[in-house]
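Participant: Numbering (the UniProt record's numbering), first residue to last: 1 to 486.
Check before you lean on any hint, since a few could be wrong.
Unchecked claim - Distance condition first, Cα-Cα at most 25 Å in a straight line; then the derived DSS-like pairs of lysine-lysine: (1) K175 to K232; (2) K216 to K259; (3) K422 to K259; (4) K422 to K402.
Stated by the list, open to error - Beta-carbon label-pair distances, calculated as ranges: (5) S409 to Q231: 55 to 63 Å; (6) E137 to H186: 40 to 48 Å; (7) N120 to S410: 50 to 58 Å; (8) D280 to H186: 48 to 56 Å; (9) V130 to H251: 19 to 27 Å; (10) I368 to K422: 21 to 29 Å.
Derived from the structure by calculation, the hints contain no laboratory data. Small disclaimer: the values here were computed from a predicted structure and weren't measured. Note that CB positions come from ideal geometry on N, CA and C, so glycine has one too.
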Amino acid sequence: MPLSIIPIFDDTSLDNYEDIDNNSTLIHNNSTPVMQQYHNSSPSMSLDGCYINGNIRFVKKIGAGTFGLIYLVEDTLTQTLYAAKLILKKPPRNSNGTKSQDIAVNKKFIQEQLYMYFHNKEDASPKNIVADELPLEFLKTQCGDCTFLKEISSHLQVHEHPNVTTIHKVLNLSKMAVVILMDYCHQGDLFHNIIDNQIFVSTSDVDRIDKQLLMKNVILQLIDVIKYCQQKSIFHCDLKPENIMVNYNPHYKRTNHSKSHIVDYNEIQIMLIDFGLAMDNPLICCNVCRGSSFYMAPERITNYTGSNLIKTLVDLSKYQSVEMCDSKHCNSNKYFPTIAGDIWSLAVLFINITCSRNPWPIASIDSINDRQVFHNYILGNNPSVLRDILPISRQFNDLLNKIFVMDPSSRLSLDEIEKEIKNTDFFNDELLDDDEDNDEVRDEVIAYNNVGPSPADSLFSPKNCSSHSSFSSSTQRIGSFQGKAT
1 MPLSIIPIFD DTSLDNYEDI DNNSTLIHNN STPVMQQYHN SSPSMSLDGC YINGNIRFVK
61 KIGAGTFGLI YLVEDTLTQT LYAAKLILKK PPRNSNGTKS QDIAVNKKFI QEQLYMYFHN
121 KEDASPKNIV ADELPLEFLK TQCGDCTFLK EISSHLQVHE HPNVTTIHKV LNLSKMAVVI
181 LMDYCHQGDL FHNIIDNQIF VSTSDVDRID KQLLMKNVIL QLIDVIKYCQ QKSIFHCDLK
241 PENIMVNYNP HYKRTNHSKS HIVDYNEIQI MLIDFGLAMD NPLICCNVCR GSSFYMAPER
301 ITNYTGSNLI KTLVDLSKYQ SVEMCDSKHC NSNKYFPTIA GDIWSLAVLF INITCSRNPW
361 PIASIDSIND RQVFHNYILG NNPSVLRDIL PISRQFNDLL NKIFVMDPSS RLSLDEIEKE
421 IKNTDFFNDE LLDDDEDNDE VRDEVIAYNN VGPSPADSLF SPKNCSSHSS FSSSTQRIGS
481 FQGKAT
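Construct the entire structure; sequences and hints are all you get.
Facilitator: Below, the structure written as structure tokens:
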């Protein structure tokens, strides 16, 4: 039975997190700002034309999230464009005092609050707000425990890396909000460049070779920046295409195609944004749900200590535990390496980049509805599942299989992944064996990459899969997918 649609990208973020330093209570909060195109705001609530300090002019809104807005702004003194992220100091709350979970309501509330702040402030000129500039070094070293400054502090720890957006200024809007002025990337995020610009789609054999180098260029930059963040004890925890900005020169021609010169910023440069869910602790509790569903590792979705099935798949005795007791019961919470979650997310991104698809909507072993693909992948004892449903080579399939493992500490390290990526052909195997069962699949993969798919096929239509009829439940399309949801 064919898979008519494999889910492509997620637009839902989850943030169930626990402060493991002080054993605070579990919090549930859908709070990851999502870089989404936002065109339906009421003009009366627009900040367009407003100013900060007389020279920072709001041009247009380019994104919105649960607790903040993202505007394109211009410094009229230097004609420099920035992406300005406005974060409320007090997040929207329900009438009972709990944080609001309604994203649409939150966005409207934030827009209204900021509009009223800019237009009704008595001690400021109309549409102009005077704001203090906060010292970046102080924010970096002293503000990691402040709720609305933690994201900035984490970002500043790593923003000197070329694959992280630079924070240029942070402005304080009294008790209302803070404004982060960052690099503006006019070509948008990786989502837009995969789906709309189709920068990785090849049209010929020669182009296919160059496109695979382009893919590796992006992938190796991602690996390098996550390695750097790990060295600085920063773990992103929300890696996805919407949180990766792109500067790409389609007219650039490589002069060196060797494996030692794959990374080339003249061709393309990617930059991480949004450290709103970032952690600085190398261990994360097993009951933490943190990230975006398509990209979350299974230990972020299922509490391993509460699943008998997981206990048959993963040796939990090797992981540190902390006894947690209340008036009714006690349990032992295990702590896993935080970096393992980012490594899992990277592997999903590898598939996004090479195939314009996601392997599954959620890495849950529950055998229900849209979870059948992952359930069969983990429990079906078939290491070629990904190769059966994606146009990838056996060597790339083997690499992914060594990352997509249930035991967090058994996944490949970043150094190991980097080495294998350099030596892997994503689509063709140099030496094909004589496995007759895979002849048809192998021929389709070769034809797919030699001829090249149509744009529609590349983005929306996975390879047919005849050997896994139980996957048919995954064919349900996730939304209309004409673009990112707002």
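Participant: It remains to establish, for every hint, whether it holds in the given structure.
Facilitator: Results of checking the hints against the structure:
1. K175 to K232: violated, 31 Å
2. K216 to K259: Holds. K216 to K259 sits at ~10 Å (cutoff 25 Å).
3. K422 to K259: Since the Cα atoms of K422 and K259 sit roughly 6 Å apart, the hinted pair holds (cutoff 25 Å).
4. K422 to K402: holds, 16 Å
5. S409 to Q231: 55 to 63 Å: violated, 19 Å
6. E137 to H186: 40 to 48 Å: Distance hint for E137, H186 is violated at roughly 29 Å.
7. N120 to S410: 50 to 58 Å: Holds, since N120 and S410 (Cβ atoms, about 57 Å apart) stay within the stated range.
8. D280 to H186: 48 to 56 Å: With a Cβ separation near 32 Å, D280 and H186 fall outside 48 to 56 Å, so the hint is violated.
9. V130 to H251: 19 to 27 Å: Given about 44 Å between the Cβ atoms, the range is violated.
10. I368 to K422: 21 to 29 Å: violated, 39 Å
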